[in-house]
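My request is simple: use the sequences and hints to build the entire structure.
Numbering (our numbering) for the sequence shown: 28 to 567.
Read the hints as simulated data drawn from the structure, not as lab findings. Every residue, glycine too, gets a C-beta built ideally from N, C-alpha and C. Heads up, a few of these hints could be off.
[Said to hold, decoys possible] Taking lysine to aspartate or glutamate pairs in the DMTMM-like style, the calculated list, with each CA pair at most 20 Å apart, reads: (1) Lys221 x Asp198; (2) Lys303 x Asp247; (3) Lys303 x Glu350; (4) Lys346 x Asp380; (5) Lys418 x Glu558; (6) Lys373 x Asp440.
[Stated by the list, open to error] Label pairs and their in silico Cβ distance ranges: (7) Glu176 x Arg209: 28 to 36 Å; (8) Gly220 x Glu350: 28 to 36 Å; (9) Thr266 x Asp515: 50 to 58 Å; (10) Asp128 x Pro406: 14 to 22 Å; (11) Asp213 x Gln472: 55 to 63 Å; (12) Pro463 x Phe280: 20 to 28 Å; (13) Asp483 x Ala237: 46 to 54 Å; (14) Thr535 x His495: 22 to 30 Å; (15) Leu305 x Thr266: 32 to 40 Å; (16) Ala492 x Thr197: 56 to 64 Å; (17) Pro261 x Thr297: 19 to 27 Å; (18) Arg209 x Thr535: 51 to 59 Å.
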Amino acid sequence: MTHPVPTDRTNDPALGRRGFLSLATAGVAGSALSVTIGSMTPAAATTSGSDDTSTGTTARKRELRAMWISSVVNIDWPSRTGLSADELRAEYVRWLDVAADMNLNAVFVQVRPTADAFWPSPYEPWSQYLTGAQGGDPGFDPLAFVVAETHARNLELHTWYNPYRVSMQTDPAQLVPEHPARQHPDWVWPYGGKLYFDPGLPEAREHIYAAILHSVEHYDVDGVHFDDYFYPYPVAGQTLPDAATYAEHGAGFATIEDWRRHNVDTFVQTISERIKQLKPWVKFGISPFGIWRNASTDPRGSETGGSQSYDLQFADTRKWVLEGWLDYINPQIYWQLGLAVADYAKLVPWWADVAAQSGTHLYIGEALYKVTSGVFTDPAELSNHLTFCAKVTEQGTPVHGNVWFSAKHVPQDPQGSMSRVRADHYAHPALVPTMPHLPGTRVQQPVLTHAQPCDDGVALRWVDASPHRRRATSFAVYRSSGRRVDVDDATQLLGTVRSDGQVLQGFTDTTAIPGERYTYAVTALDRLWNESRPSRTRSV
28 MTHPVPTDRT NDPALGRRGF LSLATAGVAG SALSVTIGSM TPAAATTSGS
78 DDTSTGTTAR KRELRAMWIS SVVNIDWPSR TGLSADELRA EYVRWLDVAA
128 DMNLNAVFVQ VRPTADAFWP SPYEPWSQYL TGAQGGDPGF DPLAFVVAET
178 HARNLELHTW YNPYRVSMQT DPAQLVPEHP ARQHPDWVWP YGGKLYFDPG
228 LPEAREHIYA AILHSVEHYD VDGVHFDDYF YPYPVAGQTL PDAATYAEHG
278 AGFATIEDWR RHNVDTFVQT ISERIKQLKP WVKFGISPFG IWRNASTDPR
328 GSETGGSQSY DLQFADTRKW VLEGWLDYIN PQIYWQLGLA VADYAKLVPW
378 WADVAAQSGT HLYIGEALYK VTSGVFTDPA ELSNHLTFCA KVTEQGTPVH
428 GNVWFSAKHV PQDPQGSMSR VRADHYAHPA LVPTMPHLPG TRVQQPVLTH
478 AQPCDDGVAL RWVDASPHRR RATSFAVYRS SGRRVDVDDA TQLLGTVRSD
528 GQVLQGFTDT TAIPGERYTY AVTALDRLWN ESRPSRTRSV
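Printed below as a string of structure tokens:
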């Protein structure tokens with residue numbers, strides 16, 4: 028039995044992102060929170076002072092830094108329906124500007140919010156969140172544009188899909204006639220004001236696999252990402268309408284709950300295997316609700332007292348990690364340090380210990396929106412989270428990075444919280460952590476041929492003379508104010524640049540101060556961020 032959830036619903040561990048989405052659906056979040064878009068090498072966390080506003084600071088050469096760009100109900104991008112193709116493109120580029128300004132290295136972009144598509148899919152219609160009408164052609168291929176522009180900034184792109192949700196309303200007649208839910212009404216059922224594919228139907232699961240994998244096959248994505256929506260969150264007074272499906276497909280399972288968990292397990296394992304069969308280098312990760320089970324229910328669980336994804340969504344998230352079905356787990360730990368019912372300081376070590384058992388990467392989902400809404404009252408709360416994550420990493424159970432929900436709150440910078448995160452933890456760029464179990468490329472050491480002052484700073488030129496199959500995907504540029512460059516020093520990483528596929532590559536250091544002496548080195552990176560030896564240095 029779970030402990031009671033807190034009386035204050037703003038801190039309710041059963042609320043989280045779904046509560047925000049409910050507000051957005053009702054039009055509250057958008058109006059109240061509107062904004063103008065404007066190998067692991069951890070460094071020790073250090074204490075920067077003793078005053079009330081100080082936090083620890085970290086500089087890590089490798090950590091994932093990402094933000095979720097939500098499309099459902101136009102939370103982030105597109106900001107509204109009916110934008111022209113040029114406006115859609117311009118808005119997305121501005122989000123990349125936000126990511127670059129924050130020294131992020133990845134974006135998680137929602138491209139299938141409700142059994143629809145942000146690309147010309149043969150399986151599902153164009154998303155209504157593009158034009159305002161489901162099936163409406165936006166006049167270009169948004170996913171192709173997203174891939175090209177994201178990679179041009181050398182950001183890693185994880186395309187984000189909602190597996191089972193069909194519609195944010197329950198009437199199939201409001202879907203376009205060719206929608207699979209109209210073609211196969213027996214695949215779906217209504218619940219809690221929305222329409223869902225039945226996770227217990229093998230035919231429905233096969234459709235979802237095909238819809239997702241079409242984008243993986245035809246677009247150069249770096250990762251496939253799901254969030255916390257599997258079986259719907261429970262709604263008071265309603266029962267999941269899957270008794271008939273259980274009667275037909277549930278033989279051998281003692282309870283309907285065990286059968287539901289099996290359905291989700293099957294889905295996760297199968298999509299994982301099929302992604303790797305199609306493109307072995309594409310990462311697969313899930314961002315579940317932050318509590319698997321409470322220790323009061325299961326001794327393997329966390330010292331928490333909130334809702335449990337294992338029991339309420341039939342999502343055995345711990346099993347997925349231990350079985351090795353995921354390349355990363357990204358739990359939504361959307362609560363404060365010290366919150367009794369769901370303490371960040373209890374949950375992060377619990378997840379880090381679970382992930383370390385299988386070598387799965389751990390990224391922590393961060394509730395930036397709770398600063399905007401006023402739940403997080405300490406401007407240093409989120410910076411303190413990253414300091415804590417670095418300490419957990421030092422103890423031998425790595426936290427490989429953090430992901431921010433959602434993008435619209437990053438430029439808002441509520442209470443200066445993101446400025447503090449940038450100053451304390453993201454002051455320097457970082458490389459995405461490597462995943463040794465994925466198939467890398469042995470990229471060659473580049474030859475730095477040129478480092479000369481120019482009108483814009485210092486112009487660098489180098490040569491990547493590798494055979495085509497071993498050409499670098501991108502390059503890391505390092506700079507020292509002395510005579511020696513230490514590529515293991517996170518503070519000397521100046522930035523990364525995407526390869527244009529040519530032998531001769533270049534980069535301009537626009538931050539160089541005229542008259543100062545600098546020494547530079549360059550390394551080559553493959554698409555999985557594996558790094559070559561550094562070039563010989565050049566001084567200027």
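- Item | Range hint 46 to 54 Å (beta carbons of aspartate 483 and alanine 237) holds or violated | About 48 Å separates the Cβ atoms of aspartate 483 and alanine 237, which means 46 to 54 Å holds.
- Query: Do the beta carbons of arginine 209 and threonine 535 sit within 51 to 59 Å of each other?
  - Reply: Holds, at about 54 Å.
- Beta-carbon spacing of proline 463 to phenylalanine 280 - inside the hinted bounds 20 to 28 Å or not: violated, 37 Å
- Does the Cβ distance between threonine 535 and histidine 495 fall inside 22 to 30 Å? holds, 26 Å
- Do the Cβ positions of alanine 492 and threonine 197 conform to the proposed distance bound of 56 to 64 Å? holds, 60 Å
- Query: Between lysine 221 and aspartate 198, is the straight-line Cα distance small enough, at 20 Å or below?
  - Reply: holds, 8 Å
- Satisfaction of the hinted span 19 to 27 Å by the C-beta atoms belonging to proline 261 and threonine 297: holds, 25 Å
- Query: Between lysine 373 and aspartate 440, does the CA-CA distance stay at or below 20 Å?
  - Reply: It is violated: about 27 Å lies between the C-alpha atoms, which goes past 20 Å.
- Message: Holds or violated: lysine 346 and aspartate 380, Cα atoms, limit 20 Å.
- Response: Holds, at roughly 13 Å.
- CB of threonine 266 to CB of aspartate 515, is that within 50 to 58 Å? Given range 50 to 58 Å: holds, Cβ gap about 57 Å.
- Item | Consistency of beta-carbon spacing, glutamine 472 to aspartate 213, with hint 55 to 63 Å | Because 59 Å falls inside the window, the suggested range holds.
- Message: Between the beta carbons of leucine 305 and threonine 266, is the distance compatible with 32 to 40 Å?
- Response: holds, 37 Å
Comparing the model with each earlier hint shows violations of hints 5, 6 and 12; every other hint is respected.
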